[in-house]
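K.L.:
Put together the whole structure using the sequences plus the hints.
One line per chain: the protein sequences are G and W, in this order. Position 84 of the first sequence, counted from 1, bears residue number 84 in the working numbering, the numbering being contiguous throughout. Position 182 of the second sequence, counted from 1, bears residue number 182 in the working numbering, the numbering being contiguous throughout.
These aren't lab readings, by the way, just hints derived from the structure by calculation. Treat the hints with caution; some may be incorrect.
Given that identical chains are not distinguished, each listed pair holds provided it fits within a single copy or across any two copies.
To be verified - Listed below are the simulated SDA-like cross-link pairs for lysine to any residue, each with C-alpha atoms no more than 20 Å apart in a straight line:
hint	residue 1	residue 2
1	K366	G231
2	K65	L53
3	K366	E235
4	K65	Q291
Note that the structure is predicted; figures quoted are calculated from it, not measured.
Number of protein chains: 2
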Amino acid sequence: MIDPANLDITGTAEALAAGDFTAEDLLRAYLARIERYEAGMNCFITLLEEPALEQARASDARRAKGERLSPLDGIPIALKDNIDLAGVPTTNGMARFRTPVRDAAITQRLRDAGAVFLGKVNMHEGALGATTNNPHHGAAQNPWRPGFTPGGSSGGSAVAVAAGFCAGALGTDTMGSVRLPASYCGLVGLKATQGLISTRGVVPLSYGLDHVGPICRSSRDLSLMLAILVGHDPESTESIHPHRALRTKGVTLQGLRFSVPLNLAAVACGPGIRENFEAHLAALERQGAVQVDLRFPTQDCTGTRRAGLLISEAEAGHALEAELLAHPDDFSDEFRQNLEYGRSAPAHRLVAAQRQLLTVGQRARKLFDEVDLLLLPTAPQAAFSHSDKAPVNQADFTQWANHSGCPALSLPCGLSPDGMPLGLQLLGQHRADRRLLAMAELIEPLLPELPMPAL
Amino acid sequence: MIDPANLDITGTAEALAAGDFTAEDLLRAYLARIERYEAGMNCFITLLEEPALEQARASDARRAKGERLSPLDGIPIALKDNIDLAGVPTTNGMARFRTPVRDAAITQRLRDAGAVFLGKVNMHEGALGATTNNPHHGAAQNPWRPGFTPGGSSGGSAVAVAAGFCAGALGTDTMGSVRLPASYCGLVGLKATQGLISTRGVVPLSYGLDHVGPICRSSRDLSLMLAILVGHDPESTESIHPHRALRTKGVTLQGLRFSVPLNLAAVACGPGIRENFEAHLAALERQGAVQVDLRFPTQDCTGTRRAGLLISEAEAGHALEAELLAHPDDFSDEFRQNLEYGRSAPAHRLVAAQRQLLTVGQRARKLFDEVDLLLLPTAPQAAFSHSDKAPVNQADFTQWANHSGCPALSLPCGLSPDGMPLGLQLLGQHRADRRLLAMAELIEPLLPELPMPAL
Numbered sequence: 001m002i003d004p005a006n007l008d009i010t011g012t013a014e015a016l017a018a019g020d021f022t023a024e025d026l027l028r029a030y031l032a033r034i035e036r037y038e039a040g041m042n043c044f045i046t047l048l049e050e051p052a053l054e055q056a057r058a059s060d061a062r063r064a065k066g067e068r069l070s071p072l073d074g075i076p077i078a079l080k081d082n083i084d085l086a087g088v089p090t091t092n093g094m095a096r097f098r099t100p101v102r103d104a105a106i107t108q109r110l111r112d113a114g115a116v117f118l119g120k121v122n123m124h125e126g127a128l129g130a131t132t133n134n135p136h137h138g139a140a141q142n143p144w145r146p147g148f149t150p151g152g153s154s155g156g157s158a159v160a161v162a163a164g165f166c167a168g169a170l171g172t173d174t175m176g177s178v179r180l181p182a183s184y185c186g187l188v189g190l191k192a193t194q195g196l197i198s199t200r201g202v203v204p205l206s207y208g209l210d211h212v213g214p215i216c217r218s219s220r221d222l223s224l225m226l227a228i229l230v231g232h233d234p235e236s237t238e239s240i241h242p243h244r245a246l247r248t249k250g251v252t253l254q255g256l257r258f259s260v261p262l263n264l265a266a267v268a269c270g271p272g273i274r275e276n277f278e279a280h281l282a283a284l285e286r287q288g289a290v291q292v293d294l295r296f297p298t299q300d301c302t303g304t305r306r307a308g309l310l311i312s313e314a315e316a317g318h319a320l321e322a323e324l325l326a327h328p329d330d331f332s333d334e335f336r337q338n339l340e341y342g343r344s345a346p347a348h349r350l351v352a353a354q355r356q357l358l359t360v361g362q363r364a365r366k367l368f369d370e371v372d373l374l375l376l377p378t379a380p381q382a383a384f385s386h387s388d389k390a391p392v393n394q395a396d397f398t399q400w401a402n403h404s405g406c407p408a409l410s411l412p413c414g415l416s417p418d419g420m421p422l423g424l425q426l427l428g429q430h431r432a433d434r435r436l437l438a439m440a441e442l443i444e445p446l447l448p449e450l451p452m453p454a455l
Numbered sequence: 001m002i003d004p005a006n007l008d009i010t011g012t013a014e015a016l017a018a019g020d021f022t023a024e025d026l027l028r029a030y031l032a033r034i035e036r037y038e039a040g041m042n043c044f045i046t047l048l049e050e051p052a053l054e055q056a057r058a059s060d061a062r063r064a065k066g067e068r069l070s071p072l073d074g075i076p077i078a079l080k081d082n083i084d085l086a087g088v089p090t091t092n093g094m095a096r097f098r099t100p101v102r103d104a105a106i107t108q109r110l111r112d113a114g115a116v117f118l119g120k121v122n123m124h125e126g127a128l129g130a131t132t133n134n135p136h137h138g139a140a141q142n143p144w145r146p147g148f149t150p151g152g153s154s155g156g157s158a159v160a161v162a163a164g165f166c167a168g169a170l171g172t173d174t175m176g177s178v179r180l181p182a183s184y185c186g187l188v189g190l191k192a193t194q195g196l197i198s199t200r201g202v203v204p205l206s207y208g209l210d211h212v213g214p215i216c217r218s219s220r221d222l223s224l225m226l227a228i229l230v231g232h233d234p235e236s237t238e239s240i241h242p243h244r245a246l247r248t249k250g251v252t253l254q255g256l257r258f259s260v261p262l263n264l265a266a267v268a269c270g271p272g273i274r275e276n277f278e279a280h281l282a283a284l285e286r287q288g289a290v291q292v293d294l295r296f297p298t299q300d301c302t303g304t305r306r307a308g309l310l311i312s313e314a315e316a317g318h319a320l321e322a323e324l325l326a327h328p329d330d331f332s333d334e335f336r337q338n339l340e341y342g343r344s345a346p347a348h349r350l351v352a353a354q355r356q357l358l359t360v361g362q363r364a365r366k367l368f369d370e371v372d373l374l375l376l377p378t379a380p381q382a383a384f385s386h387s388d389k390a391p392v393n394q395a396d397f398t399q400w401a402n403h404s405g406c407p408a409l410s411l412p413c414g415l416s417p418d419g420m421p422l423g424l425q426l427l428g429q430h431r432a433d434r435r436l437l438a439m440a441e442l443i444e445p446l447l448p449e450l451p452m453p454a455l
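P.N.:
Okay, here's the thing in C-alpha cells:
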C-alpha cells in the first residue's frame, strides 16, 4: 500500500478514487503514526478515533455505491481547537471553554463534503501568540526539530500535517496564525479574502481580523480546500458574497508585475531569510516577472502590529467576558492579563487603532492597482527553540493581509542555514483569491521541494 | 417675477432654463429674504454673499452660452457647518475649528455641478444632539414657530430651506440628524445607503454611522441631489461603489409590501403622532399596499441609541483629540464632557456597542427579504420649545437606518394638533436608494401638502 503520509489531499483523493486504499485504511495508517509519534509532538487536544472510524466507514460505503460527496470524502482533517465541532469540547487553547451543540459553518461544510474529523489540535492559548507553547495542553513540537516551536497560533494544525498525521488541517489567522506555522513547518497555508470563509462558530480573537484557513502540503490542495470552504453565510456578520474571488483569468509569470512592499534591510531578519527570498525574486525575474517599486503605506510594522494586538485583546476580552468573570482560572495569568489590558484600555485608543488599520489596509489594497502580486518572506525568522524568547516581530510580514483583507498564502521555499523550513508569502488582490492560487501553482515548481521531516 | 421662495430645486432649475429669472436674480431674492428674516432665524454661521454673487454671475454666463453644468447650475445651496468649503471656516458648531484648504468630496461635486454656495449654517454643537440650541452661535429657530427648535443636528440646514433662504441644503445624519430637522420643519430629507455619498471632508462624529444628506422641498429634489452627490470616492475609507443603488425596477403601490418594524404603542409618542401615522398606513392600504407583520430585531430603542451615543462620543473624541487638547475652550462644557466620557470609557464597552449595532443592523437589513419598505414616524414628537428639555427619544425611530446602513427619508405628512409639521419615515433596502425614492414619489401625493410657514 502507498504510504498516505507522503500524499497531499489531491493525491489521496486520487488514490481513494483508484481504490489504492480505502478511507478506513487511510485513517488507520494515520492513527498508527499518531500512536507512534504523538507523544513527541503534543499535537492533539482531542483525538476522535472512534467517530472518525465511523465516518471513514460511511465514506467507504458511499464510495462503494459511487456516491462520493466531494474530493474530500473520506479524507481525515484536523481542526484547530477554536473551531466548533458539535458535541466535542472546544478549548480555545484554554483549560476549558465550551462544548458546542452545533458545528461551525466551516465544520458543517467539511461534514457535507464527507471529510473525516480526526481531532481537535493544540494551539496558542486563545490564539493570542505564535509559539503554541500552551500552558494548559503543553508545547506542540515542530516535526522538523524536537524542542522547537511549530509556530502559531495554529501550531497543532501545522504539526498534524507536517508529522503525517493527516494531509490537511484548518487553522485560524488573525495576524498570521495560519501562514506562520505553515512556514515554520515546511507546509502551505492560506488566508483567503476577509469574509470569504465564514468564521461563525469559531471563537473570536478579533472580529474584523480573524480568518479561517487551510494548512496543507501543496498549493493545489489550497484550491481544493478553498472551493469547499467558501460560501456566503447569512448568519455571519463578517461574511461576504464570493463575487470575483472565485474567477480566474489567464495567469502567467511572463510579464507578471510584483513588488516587495517593505524595505527588508530595515527589518531584523534571521540568518538566511533575505538571501533565500532574494534568490526566489531572481528566479521569478528569470521567468519574465517584473519587479515594480511599490511600498506599503508605512514601514512601521511595530505600530500596526501593536494596533492589531490592542484590537485583539479588547475584542477577545469582550468575546470571552462571561468566561473571564465566571472561570478566571481557565486562563493563564498572562493571557488573562492581556485581555484585561485590552478590555480596560480607554476607548479612544481602540478607535485610534481601528482607524489606523482601516487606513493602512485600504492603502495596501490600492497597491494592486499597479501590481498583480506582493511578495515577502512569510516570517522574519525560521522556527526557534521553545526555550528561547519568542521574537516580537514574528507577524510583521503576515499582518498586512489581515489589515487589508487581501488573500495571502505561504509556500515552503527552502531551508535556513540551520536546516529549518522557510516560507515565501504571496499576497494577492482583494477578492481575487483564485488568481492568487493560480500564481502560487506557477511559482511552487520554482521553489526547492522539501522532504518529509524525519520524526 | 415668480417668487423663488416657493419653488423646489427642480422647479427653480426649470424656471432658470426657461429664462423666468437669472441665477443672480434668484440669489438676490434669497438674499433679500435673508436680510429680512435672518435675525429671527439664527440660521447662518457664515453668509457668503459676495462669492455667491460671483458664482451666480458665472452660472448666468454659462447659461447664456448654453453650457449648463447640471440642473443645479446657478442654484444656491446651504452647507451645514461641519462640511468643508475651501477657504471658509468650518466651525463644526463649536466656537472655532478649522479653515480647510480643500473642499469636502461632496462640496467639490456640488461645485462641479455649478451650485452656488450661499453659506455655512448653524448646527447642534459637534452634531451631537438634536435641538440646534447652539451655545456658541445661538439657538436656530423653527420657521413654523419662533422659540421652537428646528430639530438637529442639521437644524440650520432645515431652517434655511423652510424659511425660503434657498431651495436645498446639505446636512449630516449619524442617528437621524437630517431626517429629524426635515420632519420638524415640514421638509423632505434623505439619508442614503451608508458609503454611497462620501463623507471625506466632513468632520466625523461616528465614522461608521455618519452620512451626508440633502434637505429639500420635494422628493423629486432628493433624486436630483442624490444623482449629483453619489459617487465612489477612492480617498474615503467608508465609500462604496454605487452598484444597484442607482437602479430602479418598476415600483407600484399596488401589492407593495410594507411593515411597521416597532410596536409604537410601547413608545412614548407626542400628541397626534400615532393617529397621523396610522391614517397614512390606511391610505397606503387603500392603494393596494399590503402590511406585513415584521419587527426590528429588538424593541430596545434605548439600548441601541445609547450604543450609538457611546460610539459617537468615543469616535468624535478621537477625531477631535487635537482640538480637545489644544483648545478646550472652543467646546462647551457639556460637549467636552460627553467626548471625554466616550474617550475614557473602557474599550470592552465600545466593542460591545459596536457588536450590538452591527448585529442589530444586519438583522434589520434582513427584513427586506420579505418587504419592500419599512414605515415609521420620523420622530416620536413634533418640534418643541427651546425652553423645554429635549426628549431623550428623539432619534429612536431614525437611528435604525444608521445602524443598518439602509437608505431612509422623511416626507412631510401633516400637522400635529398643535400645528407643527410631522414627518413620515420610509426605510428602503440597503443599496436600493433609487427604489426608495421611486416609492417616495408615489407616496408623497397621498400626503397633505403643507403651506410655507408664515415668517
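K.L.:
Next, verify each hint and record whether it holds.
P.N.:
Results of checking the hints against the structure:
In the homo-oligomer, the alpha carbons of K366 and G231 lie at most 20 Å apart only across protomers (18 Å), although the nearest pairing inside one protomer, at 25 Å, exceeds that limit. With identical chains, the CA atoms of K65 and L53 are at most 20 Å apart within one copy only, with a shortest distance of 19 Å there and 84 Å across copies. Only between protomers do K366 and E235 lie at most 20 Å apart by alpha-carbon distance; the minimum there is 10 Å, versus 30 Å within a single protomer. With identical chains, the CA atoms of K65 and Q291 are never at most 20 Å apart, being 52 Å at best within one copy and 51 Å at best between copies.
The structure fails hint 4 only (numbered hints given earlier).
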